[in-house]
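Asker: Place chain C on chain X using the hints.
Residues per chain, in single letters:
Protein chains: 2
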Amino acid sequence: MGPGPSNVPTRVLQAMSLPVIGHLDPDFLGLMNRIQNQLRELFRTSNRLTIPVSGTGSAGMEASVLNFVEEGDPVLVCINGVFGIRLAEVARRAGARCTTVSFPFGRPLDPDAVREAALRDGPRLIAMVHAETSTGVLQSIRPIREICDEVGALLLVDTVTSLGGHPVLVDDERIDICYSGTQKCLSCPPGLSPLTVSPKAEEKLSSRTQPCRSWYLDLNLVRNYWGEQRTYHHTAPISMNYALFEALRIIEEEGLEARWNRHRLNHEALVAGLEAMGLKLAVSPECRLWSLNALTIPEGVDDLAVRQQLLSQFNLEIGGGLGELKGKIWRVGLMGETSRAENVLYFLHALEACLHQQGFATPAGGAGLVAAAERLSRG
Amino acid sequence: MGPGPSNVPTRVLQAMSLPVIGHLDPDFLGLMNRIQNQLRELFRTSNRLTIPVSGTGSAGMEASVLNFVEEGDPVLVCINGVFGIRLAEVARRAGARCTTVSFPFGRPLDPDAVREAALRDGPRLIAMVHAETSTGVLQSIRPIREICDEVGALLLVDTVTSLGGHPVLVDDERIDICYSGTQKCLSCPPGLSPLTVSPKAEEKLSSRTQPCRSWYLDLNLVRNYWGEQRTYHHTAPISMNYALFEALRIIEEEGLEARWNRHRLNHEALVAGLEAMGLKLAVSPECRLWSLNALTIPEGVDDLAVRQQLLSQFNLEIGGGLGELKGKIWRVGLMGETSRAENVLYFLHALEACLHQQGFATPAGGAGLVAAAERLSRG
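Here the protein sequences come in this chain order: X and C. For the first sequence, this note's numbering assigns the number 1 to the initial residue and increments by one for each residue that follows. For the second sequence, this note's numbering assigns the number 1 to the initial residue and increments by one for each residue that follows.
Just chain X, with the same shape it has in the complex:
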């Protein structure tokens, strides 16, 4: 129940352990086609260029930036957490003329300030994080898309912690470049990064005058392997692709809407339980992630001691704060397979025990569990 990797279903682990075949074997090429179609369903897109990048989420971030930025291109990155900072760092290393517009960690972006920065800097690409794993904030995409339209910029969105748990509607919201990770709401081991690219962004790719700074992540080459030509580029991580295929089959069986609703319900039950225990969420209700719940550490409670007790006595991992939120929040993941009613109840129970050890008194009678169970029973 940390900020990822989430629990992986046995079916996915079993698929991953099937014998390895060649990356140019006709059977593997057939699997690639099926994975691409699954990813299009997942991203709600018809984008031709939709693939799993051969690396974890940060490799997807890097592929998303490096391929759409050339030396000196103006790029605006919106920052309200660690992953926004990382996006800006990647953009600078890509050679972009990168400017940033920053907001307090744990708060959403202010579109007016983003617009002001965009009008000032004239970016060709604006990057934002949909689900800030470092803070638990969900950012709505629409207002940033509007700003992109006003200044003629491509929109790049990080959906590492939202894809599969929250609605991510690539075509409806007109996201140009969207990447994610497998180890969060998809409940697949870490190792691949789903990526989709709009036709407009593909045009930028085709009209580059300098090659991408990364050969490994160069989509102009990678798309020839994942495209009809199947030109060998690099050896794909075969087993990880088996795992992704099975993880996406499980999502198809559950249904995307049902999966989003499950994530929402378990999140709401967790919040009800925590609040009934006298604890506070670190993010205001209108922009809380369902997949990652940021909880303010109560005054006088030892961050590390609680997390260590949870791990050693309850076999339960949660995350601490990152960056400026270190020591101030806990991050409780309810992602993919991990988003289960029994996990919500088990966590509340375990946390209560740890807090008592720390001298933090919760209301008698298991008020937290009762509130969570009540919310769950309402469905």
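It is worth saying that the hints were derived from the structure and are not from the lab. Just so we're clear, the structure is a prediction, and the values are computed from it rather than from any experiment. Glycine included, each C-beta is placed from N, C-alpha and C at the ideal position.
A few chain C residues that don't get close to chain X, going by computed Cβ distances all over 10 Å:
hint: 1; residue: E41
hint: 2; residue: G72
hint: 3; residue: P143
hint: 4; residue: P167
hint: 5; residue: D172
hint: 6; residue: E173
hint: 7; residue: N220
hint: 8; residue: H349
hint: 9; residue: A350
Covered stretches of chain X (in silico footprint by chain C; criterion: 3 or more residues with CB under 8 Å from a CB of chain C, positions within the stretch not fixed):
hint: 10; segment: 46-57
hint: 11; segment: 85-91
Covered stretches of chain C (chain X as the covering partner; in silico rule of three or more C-beta atoms under 8 Å from a C-beta of chain X):
hint: 12; segment: 9-22
hint: 13; segment: 54-64
hint: 14; segment: 79-91
hint: 15; segment: 181-194
hint: 16; segment: 207-218
hint: 17; segment: 235-246
Answerer: Below, chain C alone, put in the same frame as chain X:
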């Protein structure tokens, strides 16, 4: 029996399918320590900075170049196959002032020509491929190391297709930067790239004035995660690390020398068989790889038809030629688990059947099988 991925032992597949834990879980950190020690044994090195890069072999190549090259640094790449060409391409994209010295595909490097180029260009880094997967040529490292000493350059060596199958003696041969892949002679699924860096190359890393162009592969950041601090960088591909740990345990059990000898013996048996069948190896005897055998396609025989028949009728994959050797050679892998006497005999038998279909007459009485079996029985 293609140019990789090689067959993966069941033990490795089973290890890979164990439940996923967090990348900062104390148990995973312990596993990381053990993997680093295993890799040091494998590379025959005491280099502190020895890690599996989170991507397939080409990601290791990119990490090896990007981290040790800054804008405008002179780099000399030795080319005698596709992977040398790729190294040069990666170096150019890294911003290096890259020059090359080229030799015919299928032939080793000529040290005199390399020395001449090095004296002319004054490179700070010379890159070479130990085992050219595209041609089957093994390149001896010592003469290139001597040239590096003469001009004061770091030595970068690609051992993707040799590590675990041929002696790779990083400390003895004073290789500064050495990378490999998991899916060749280590018989682990593709997804990680073992990398080791000498103290001298680490100095270059520490004294960089510009950040590495890749954030994902930045060893100045990655070494803090794999070092004592364990600072979070990116999410490691957990399951792939389980697999690598088990694959390296199997190598320890067999013993590295025994493994090299096994690769040599099976290679010699294959060669004996092929020659007895009237076929020709594409590489001269003194520089043949044991792990990848390049075989000249006989006049009048259809490359693709034979490979397709092998795959569909015999469930046997071999590789075609790459680059300028396309249509001219077959590449037969005897890597890791795949390097087995029964595979040598099975392949010879299957190939003979396919060649007969193509009208290519081999000596009667199974001369190829007999010659191979005889070589095997001598041990």
